[in-house]
Amino acid sequence: MAEITLKGLAHSYEKTPQSAADYAIRQMDHVWHQGGAYALLGPSGCGKSTLLNIISGLLEPSDGDVLFDGQRVNELPPEERNIAQVFQFPVIYDTMTVFDNLAFPLRNMNTPEYRVKPKVLEVADILDLTPLLDRKAKNLTADEKQKVSMGRGLVRDDVTAILFDEPLTVIDPQLKWKLRRKLKEIHERFNITMIYVTHDQLEASTFADKIAVMYDGQVVQFGTPRELFERPAHTFVGYFIGSPGMNFMAVDYQDDQVMFGAQPLPVSEPIKRAVASASSNNIKLGIRPEFMAISSSQTTDSVPIQVVSVQDLGTYSLLTFKLNGQTFKARLLEGHPPVGETAFAHFNPDKVALYIDEYLVETGHE
Amino acid sequence: MNNKIPNNRAWLLVLPMLVLVAFSAIIPLMTVVNYSVQDVLGPNATFFTGTEWFKSTLNDPALQAAFLRQISFSLIILAIQIPLGIGIALIMPKRGWQASAVLILITLPLLIPWNVVGSIWQIFTRGDIGLMGWGLRELGVNYNLTRNAGDAWVTIILMDVWHWTPLVAMLCYSGLRSIPEAYYQAARIDRASKWAVFRYIQLPKLTNVLVIAVLLRFMHSFMIYAEPFVLTGGGPGSSTTFLSQSLTTMAIGQQDLGPSAAFSLIYFLVILLVSWVFYTTIMNMQKDKPPHGGA
Numbered sequence: 001m002a003e004i005t006l007k008g009l010a011h012s013y014e015k016t017p018q019s020a021a022d023y024a025i026r027q028m029d030h031v032w033h034q035g036g037a038y039a040l041l042g043p044s045g046c047g048k049s050t051l052l053n054i055i056s057g058l059l060e061p062s063d064g065d066v067l068f069d070g071q072r073v074n075e076l077p078p079e080e081r082n083i084a085q086v087f088q089f090p091v092i093y094d095t096m097t098v099f100d101n102l103a104f105p106l107r108n109m110n111t112p113e114y115r116v117k118p119k120v121l122e123v124a125d126i127l128d129l130t131p132l133l134d135r136k137a138k139n140l141t142a143d144e145k146q147k148v149s150m151g152r153g154l155v156r157d158d159v160t161a162i163l164f165d166e167p168l169t170v171i172d173p174q175l176k177w178k179l180r181r182k183l184k185e186i187h188e189r190f191n192i193t194m195i196y197v198t199h200d201q202l203e204a205s206t207f208a209d210k211i212a213v214m215y216d217g218q219v220v221q222f223g224t225p226r227e228l229f230e231r232p233a234h235t236f237v238g239y240f241i242g243s244p245g246m247n248f249m250a251v252d253y254q255d256d257q258v259m260f261g262a263q264p265l266p267v268s269e270p271i272k273r274a275v276a277s278a279s280s281n282n283i284k285l286g287i288r289p290e291f292m293a294i295s296s297s298q299t300t301d302s303v304p305i306q307v308v309s310v311q312d313l314g315t316y317s318l319l320t321f322k323l324n325g326q327t328f329k330a331r332l333l334e335g336h337p338p339v340g341e342t343a344f345a346h347f348n349p350d351k352v353a354l355y356i357d358e359y360l361v362e363t364g365h366e
Numbered sequence: 001m002n003n004k005i006p007n008n009r010a011w012l013l014v015l016p017m018l019v020l021v022a023f024s025a026i027i028p029l030m031t032v033v034n035y036s037v038q039d040v041l042g043p044n045a046t047f048f049t050g051t052e053w054f055k056s057t058l059n060d061p062a063l064q065a066a067f068l069r070q071i072s073f074s075l076i077i078l079a080i081q082i083p084l085g086i087g088i089a090l091i092m093p094k095r096g097w098q099a100s101a102v103l104i105l106i107t108l109p110l111l112i113p114w115n116v117v118g119s120i121w122q123i124f125t126r127g128d129i130g131l132m133g134w135g136l137r138e139l140g141v142n143y144n145l146t147r148n149a150g151d152a153w154v155t156i157i158l159m160d161v162w163h164w165t166p167l168v169a170m171l172c173y174s175g176l177r178s179i180p181e182a183y184y185q186a187a188r189i190d191r192a193s194k195w196a197v198f199r200y201i202q203l204p205k206l207t208n209v210l211v212i213a214v215l216l217r218f219m220h221s222f223m224i225y226a227e228p229f230v231l232t233g234g235g236p237g238s239s240t241t242f243l244s245q246s247l248t249t250m251a252i253g254q255q256d257l258g259p260s261a262a263f264s265l266i267y268f269l270v271i272l273l274v275s276w277v278f279y280t281t282i283m284n285m286q287k288d289k290p291p292h293g294g295a
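Chain order of the listed sequences is A and B. Per the UniProt record's numbering: the first sequence = residues 1 to 366. Per the UniProt record's numbering: the second sequence = residues 1 to 295.
If you're looking for bench data, these hints aren't it; they were derived computationally from the structure. Treat each hint with caution, since some may be false.
The calculated EDC-like cross-link candidates involving lysine to aspartate or glutamate, where the alpha carbons are at most 20 Å apart (straight line), are [said to hold, decoys possible]:
1. B:K287 with A:E185
2. B:K287 with A:D100
3. A:K138 with B:E181
4. B:K205 with A:D94
5. B:K205 with A:D100
6. B:K194 with A:E144
7. B:K287 with A:E144
Everything numeric in this text was worked out from a predicted model, so none of it was measured.
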């Protein structure tokens, strides 16, 4: 059983990092609790894989500590940490049969053969690999190979965490769904900590209980899929989660009003006060496309917009409009009355979020 | 659906290739086949002999001895060069200027022409001025490759190992470089020992280049001519006379066109057969075994 703690962790691939830009992982603290199903979500090159390799011990961090149950393990090589890792491209031992592949980690630990067999059969059964046990691993399909490499992580009794590095990249879409469910099943059955790296928000939210969103070498938010959607802690999370992402407006405070360029915005009192007292110039309001109401008639707290296009996406329509020269997206539910070229947008005041220097500022409403 | 357009002029497109192959392979080979079944006494005096030359070649004790020597030679150098080449490839530096430097150093022997290799080693092993010959003599070793068949064999094998192991090493090196890093990482996580990494990751991934290496080295060594010819001239006695040298003596020295044509064909077929058997065996090893009990 392991709780994985990252303390003041930072990593740079340079020998003598000069600036913050040289760091693949910036100073961070994080705790992965025992038995959790976590996803590490972020765009390519944000440091997800680096972080994973540091946890597994393939990389030694330049600064900070990795703790397993409070024990510092920085110097321990991967073989001495009780973790398993599944890579983006399935790693299998070509010349061995599926059975031997699964038995490999056990045999490397000199497990007696009478204990290897039942364990391998059990894992093969869970992963539906039983009919393939006698086949050479080389001749399997990509998803079967990936199951074999997962299986090698599961056979060891001492494994307390399995790390997945975008394991479904090479798998066909229909099979992805099946494998993801399999992973969930395994997680529930074995009570193993699982950390799953992906750049696909759907994959992350279906697999994980909690998602850590990484951006530019830092975890910018750690929360449930719902929290990430409803209260993005960073503009990047707002933009990255949801399809399409959050709309942002750079605003300032003039004449007792919150202005988006020349357009005064009707906002709640707490936001207005926070904008007025902000010391930074980088102030943004964020609103999700789901939380805007579009109508043809003006009300006191709506703003005039120019409609650019309406795209019918089946269960909903996506409205693209311009406000103050900037492009916005709004979701219209099925059966929404058609809108003309000029319309009015109403922002649900409870759902408008304030970002100062890219980070969410709690304003007390909702 | 059959939308093929019958057009016999398409054969014209095959013609250039056919002509090329005819001149480069088929016609010369057929000439040899033609000679192998005739007794050629002069330009206009040839007699059909059927399989006589083949029988006499196969029953010639000198050729049988040369054949055995040839097989032993090829097996010995394969047994040394393949493991040695893999070993060298494993310890070669992987990146940086050291990698380039080692690659260049290792390639050097490959660039030297066969005759020159023979001459280099001929001088190198001389007892009076050659470094190795002189050195061994000074150390009290009774080394003389013109008198002692054992010395001659050791020297020829040493020479071939020096000349051709780099080829095996380079092929293996390229094979090793193409193994993705994830394999090594997975092996560490699976707690594989160094030996297990070699046995289950590196060696399997090297199979393809090793097939090429073994085939090339087998064919090369089975046809070896210039190096031993220059170094020992086939001696002492006939202890290092290999097949190609026997053939040259027969065809050029004695002008026995019929028997040497038969000999050439047998020689060619042996190489073809061994290469084919070897290749098929290796390829079959990679397939799944048929399920037991007819399941």
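Status of the hints after comparison with the structure:
1. B:K287 with A:E185: violated (34 Å)
2. B:K287 with A:D100: holds (16 Å)
3. A:K138 with B:E181: holds (18 Å)
4. B:K205 with A:D94: Roughly 8 Å between the alpha carbons, so the hint for B:K205 and A:D94 holds.
5. B:K205 with A:D100: holds (17 Å)
6. B:K194 with A:E144: violated (27 Å)
7. B:K287 with A:E144: The hint holds at about 17 Å.
The structure fails to meet hints 1 and 6 from the earlier list, while all remaining hints are met.
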